[in-house]
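Undergrad: Chains A and F, in that order, are what the protein sequence lines are.
Taking full-length UniProt numbering, the leading residue of the first sequence gets 1, the next gets one more, and so forth.
Taking full-length UniProt numbering, the leading residue of the second sequence gets 1, the next gets one more, and so forth.
What the hints contain is simulated information worked out from the structure, not anything from laboratory work.
Treat the hints loosely; a few may be bogus.
Chain F stretches covered by chain A per the calculated footprint, using a threshold of three residues with CB under 8 Å from any CB of chain A [said to hold, decoys possible]: (1) 54-67; (2) 87-97; (3) 100-111; (4) 120-131; (5) 154-160; (6) 206-220.
Yeah, the Cβ is synthetic: ideal placement off N, Cα and C, and Gly gets one too.
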Amino acid sequence: MAGRRAAVKAVDWAAFAERVPPNQKAMFNALKTRSDALSARLAALPEKPPTIDWAYYKSVVAKAGMVDEFQKKFSALKVPEPVDTQTAKVNAQEQEAAKSTAEYVQASKARIAQYEQQLQKLRNMIPFEQMTYEDLHEAFPETRLDKEKYPYWPHKPIADL
Amino acid sequence: VLHTARPLHTTRQRSAPLPPLPEKGGKVRFGLIPEEFFQFLYPKTGVTGPYMLGTGLVLYLLSKEIYVINHETVAAACILSIIIYGVKKFGPSVADFADKLNEEKVAKALAVKNEAIQDLESAIEQEKKEQWRVEGHHYLFDAKRNNIAMLLETNYRERLLMVYNEVKKRLDYQVAMQTLKRQKEQDHMIQWVEKNVIQSITPQQQKESIAKCIVDLKALSKTAQAAV
């Protein structure tokens, strides 16, 4: 039967657990327990049910055609496989996740570039002993005093002193 | 003229930032006369030259009364001596104190800058870690698919098992029914035969059989000993 054993890929729970951020640990634990419960249930069931001993029944049961009839119907019976409706959804989810992951990684890289830029600026700064106030205002624009908004000394609201 | 014509300090084109300020001022002797003057006269007059010059000048001023000694001289002498004593004694400690203040200011600024650098670095670390974390999203989906596969498989096996169980139950029922019926028939027949036999024992036969039993018992009791 094709697709009966839809391959159960071995999930490396240890590596998975490493990558879970702390605020999602509860969800991860829930998932893990569910997975474990499922695999335990699966392991408890035998793969094939034991075969019925037709010869014995044929010899014992008095009613003539009954056993033969049962045997015929039994071997002709096909147990339908349960239909897989969810895998497609999971695959779709995975695609979406891949997309949003790529976006997040992009944004993250942009942020890293920004940080790197600032880091370079800070690292290449001249030491404070050699700075004038002009140099300080260039390096840290927030230290610049607004002489237009507050024309009188100390050029900033008194509360900010 | 100098202030208005040429604007100063307005261009930002500097080849280098300000060079660091020198640690100590130029060397002076007597607190007044720079060392360069002594070096300037050294080639011509040697080491004692400037001293001779100075002594000669002072004597000239005093003797010609270009500088007149009056009460202000004494006041000046006292004041100067006290000032010089004070500066020599407490100068270094005050200088250190002022230096410390400046150091603290600079250190604070440096601390802020270092903290900013560290924050940025840790932010970069965090971002990289988050990227690594997010890369593991396939684990989640693998686990989900596994769950689904396991569920399907379990379901299928359960169905197979159910079919088997049901068929077996029915067959076993038939067998059990048969055996029960056969047993009941046997019991009934046995009972019926026993009843009939007992009925057919006439009283005469009963007496004869009891007498025979007693004779047999007597014969047996002779041979067998009662076990104590």
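Undergrad: With reference to the structure, classify each hint as holding or not holding.
TA: Hint check results:
no. : hint    : result
1   : 54-67   : violated (count 0)
2   : 87-97   : violated (count 0)
3   : 100-111 : holds (count 3)
4   : 120-131 : holds (count 8)
5   : 154-160 : holds (count 7)
6   : 206-220 : violated (count 0)
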